[in-house]
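Enquirer: Which chain is which? The protein sequence lines are A and B, in order.
Residue 231, in the numbering used here, is where the first sequence stops; the numbers in between run on with no holes.
Residue 256, in the numbering used here, is where the second sequence stops; the numbers in between run on with no holes.
Just to be clear, a hint being listed does not mean it is correct.
According to the in silico footprint, chain B covers these stretches of chain A (three or more CB under 8 Å from chain B) [to be verified]:
(1) 7-21
(2) 94-107
(3) 131-143
(4) 189-196
Okay, the calculated beta carbon distance ranges per label pair [said to hold, decoys possible]:
(5) M113/A <-> N14/B: 31 to 37 Å
(6) E47/B <-> R104/A: 29 to 35 Å
(7) D155/B <-> F128/A: 48 to 54 Å
(8) P112/B <-> Q65/A: 53 to 59 Å
(9) T246/B <-> R104/A: 33 to 39 Å
(10) A144/B <-> A110/A: 28 to 34 Å
(11) G99/A <-> L147/B: 44 to 50 Å
(12) Q65/A <-> D155/B: 39 to 45 Å
(13) T114/A <-> T246/B: 29 to 35 Å
Derived DSS-like pairs: lysine-lysine, alpha-carbon spacing no greater than 25 Å straight-line [what the hints assert, rightly or not]:
(14) K96/B <-> K194/A
(15) K194/A <-> K105/A
(16) K2/B <-> K151/B
(17) K115/B <-> K93/A
(18) K105/A <-> K151/B
(19) K194/A <-> K18/B
(20) K152/B <-> K115/B
(21) K43/B <-> K11/B
(22) K96/B <-> K105/A
(23) K115/B <-> K43/B
(24) K105/A <-> K43/B
(25) K194/A <-> K2/B
(26) K93/A <-> K18/B
(27) K18/B <-> K43/B
(28) K18/B <-> K2/B
(29) K83/B <-> K96/B
(30) K96/B <-> K11/B
(31) K93/A <-> K105/A
(32) K115/B <-> K18/B
(33) K43/B <-> K96/B
Simulated from the structure, these hints should not be mistaken for laboratory data.
These numbers come from a predicted model, not from an experiment.
We treat Cβ as the ideally placed atom computed from N, Cα and C, and that holds for glycine.
Next come the chains, spelled out residue by residue.
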Amino acid sequence: MVGISHFPNTTIGKKVIMALTGLIWIGFVAGHMFGNLKIFMGEEHFNHYAHGLRTLGEPLLAYGQALWIARIVVIVALVAHIWSAISLTLLNKQARSSGYVQHRKLNANAAQMTMIYGGIALVLFILFHLMHFTLGAVVHPSFDPDNPYYNVVIGFQSYGYILVVVYLVALIALALHLYHGMWSVFQTLGLNNKTYTDALRILAWLVAIFIPLGFALVPLSVVFGIIGLEG
Amino acid sequence: MKLTLRVWRQKNSNTQGKLEDHQLDDVSPDSSFLEMIDDLNEKLTNEGNEPIAFDHDCREGICGMCSLVVNGVAHGQDRELIKAVTICQLHMRNFKGGETIVLEPWRAEGFPLLKDLIVDRGAFDRIIQAGGFISVGTGSAPDANALPIPKKNADISMDAAACIGCGACVAACPNASAMLFTSAKMGSLNHLPQGQTERYQRVVNMVTQMDNEGFGACTNMAECEAACPKEISLDFIAQMNRDLITATLKGIGPTV
């Protein structure tokens with residue numbers, strides 16, 4: 001047990017926790033994005049899908065159990081991700097406590113430099129998003145727990161589309177976070193080397209473009225009237 | 001050519017440092033960067049002032065002693081067409097007349113400042129002591145070809161062994177992380193048969209010592225790779241991560 005118990009104390013151990021929990025979240029956002037696209041198949045189909053998430057695994061699992069198992073996994077992963085992010089950021093600040101008067105980067109890009117800030121923005125967005133569409137509290141004008149399709153359309157149409165802007169900004173933060181995160185998972189877990197790094201960069205580009213783009217289609221379709229309430 | 005040198009001056013680790021300006025009126029474009037500082041120091045000494053303290057030794061780019069952050073870049077490696085050099089290999093013809101050059105020491109918690117531009121890189125020695133060695137039985141030296149080593153492994157090992165331990169990776173890293181150095185120093189051994197016996201104990205001990213020295217963590221920005229005068233690859237950090245994960249699964253804890 002000495003190996004495992006020492007592991008989170010090391011910087012690399014914290015990074016591996018960051019990578020594994022990040023990977024869980026990449027899987028989660030990919031699945032979430034894919035599920036969202038069912039809204040283009042119509043109200044009945046989308047609501048059936050949302051209901052289906054709660055009856056998943058029946059009769060082995062009771063109503064909502066599969067969904068709660070998934071929720072617990074992503075919540076635990078998020079907490080661990082945030083814990084390692086905070087402890088590593090503090091450590092990194094401490095390691096360069098007296099800074100340079102002049103310091104120029106040779107290689108780093110915007111995605112790499114903004115991981116912690118983008119991460120903070122995404123946590124705030126997740127809280128907002130849960131209030132908006134899961135709890136239907138505060139930021140949703142008329143929430144109907146039994147009709148997710150209606151909630152999506154009204155949720156985006158309300159307040160003069162200002163919430164759409166919030167979602168799009170959050171998706172830009174997600175794209176940047178995913179771009180550096182996707183490649184970093186492989187580097188941190190030791191699965192990267194010169195032979196594969198270009199291919200992994202392309203994978204990171206694809207993930208960073210298509211996941212946020214898939215999410216953005218829904219609010220944009222509401223804005224442009226492609227998705228609306230019938231009658 | 002005329003130059004303004006803006007140099008970090010600090011008496012010792014207990015005092016506050018500050019940037020100090022020096023005008024140079026007649027710098028030869030043929031002189032090396034360190035010769036330019038030598039000239040300035042001679043002038044300062046003749047004027048009865050304290051010369052600028054800076055680290056240097058071989059001046060051939062292979063010893064790893066020189067350590068200057070020039071205009072915010074370790075070893076001044078942002079010059080076009082000049083890659084993979086230490087600051088001693090940079091010449092004044094690579095600079096423009098009238099330029100202001102800012103000189104700072106490596107800045108990291110793991111590298112306490114001693115004086116002016118000199119830092120204590122003893123942390124690197126202690127990381128190597130923690131595992132950068134192999135244990136062998138004494139006796140007559142074995143034949144060089146007695147132990148077969150695949151060419152590819154020998155090449156990788158040599159690439160890692162090219163590290164001169166100058167610390168530019170730490171200086172360039174936004175987190176002052178020493179992972180490129182540490183991974184290179186174990187990478188040269190871990191790719192050879194002689195290094196296998198202690199491989200997993202080595203990675204745990206060296207990483208533990210690296211963390212204890214107060215270096216930061218890697219954020220995969222590859223600033224170190226860009227600043228490294230020996231072009232050590234980020235691959236070695238990935239390899240170190242993989243080996244630490246394996247060592248952890250084997251249940252190996254630190255012995256340092």
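Enquirer: Do Q65/A and D155/B keep their Cβ atoms within the hinted range of 39 to 45 Å?
Expert: violated (54 Å)
Enquirer: Do the alpha carbons of K105/A and K151/B lie within 25 Å of each other, as the hint requires?
Expert: Violated: K105/A and K151/B sit about 35 Å apart, past 25 Å.
Enquirer: Is K194/A within 25 Å of K18/B, Cα to Cα?
Expert: The hint is violated at about 42 Å.
Enquirer: Just to be careful, I want the Cα atoms of K115/B and K18/B compared with a cutoff of 25 Å; is the pair within it?
Expert: holds (12 Å)
Enquirer: For the pair supplied as a hint, K96/B and K194/A, confirm whether the alpha-carbon distance does not exceed 25 Å.
Expert: violated (36 Å)
Enquirer: Could you check the hint for me, namely that T114/A and T246/B are 29 to 35 Å apart, CB to CB?
Expert: holds (32 Å)
Enquirer: Mind checking the hinted window 29 to 35 Å against the Cβ distance between E47/B and R104/A?
Expert: holds (32 Å)
Enquirer: Just to be sure I understand the hint, the distance between the Cβ atoms of D155/B and F128/A should be within 48 to 54 Å; is that true here?
Expert: Holds: the Cβ-Cβ distance is about 52 Å, inside 48 to 54 Å.
Enquirer: Taken at face value, is the distance from the CA of K115/B to the CA of K152/B at most 25 Å?
Expert: violated (43 Å)
Enquirer: Can you confirm whether the C-alpha distance between K194/A and K2/B stays at or below 25 Å?
Expert: violated (43 Å)
Enquirer: For the pair supplied as a hint, K194/A and K105/A, confirm whether the alpha-carbon distance does not exceed 25 Å.
Expert: holds (22 Å)
Enquirer: Closer than 8 Å, Cβ to Cβ, for at least three residues: run that test on the stretch 189-196 of chain A against chain B and report holds or violated.
Expert: holds (count 6)
The structure shown violates the earlier hints numbered 3, 10, 12, 14, 16, 18, 19, 20, 24, 25, 30.
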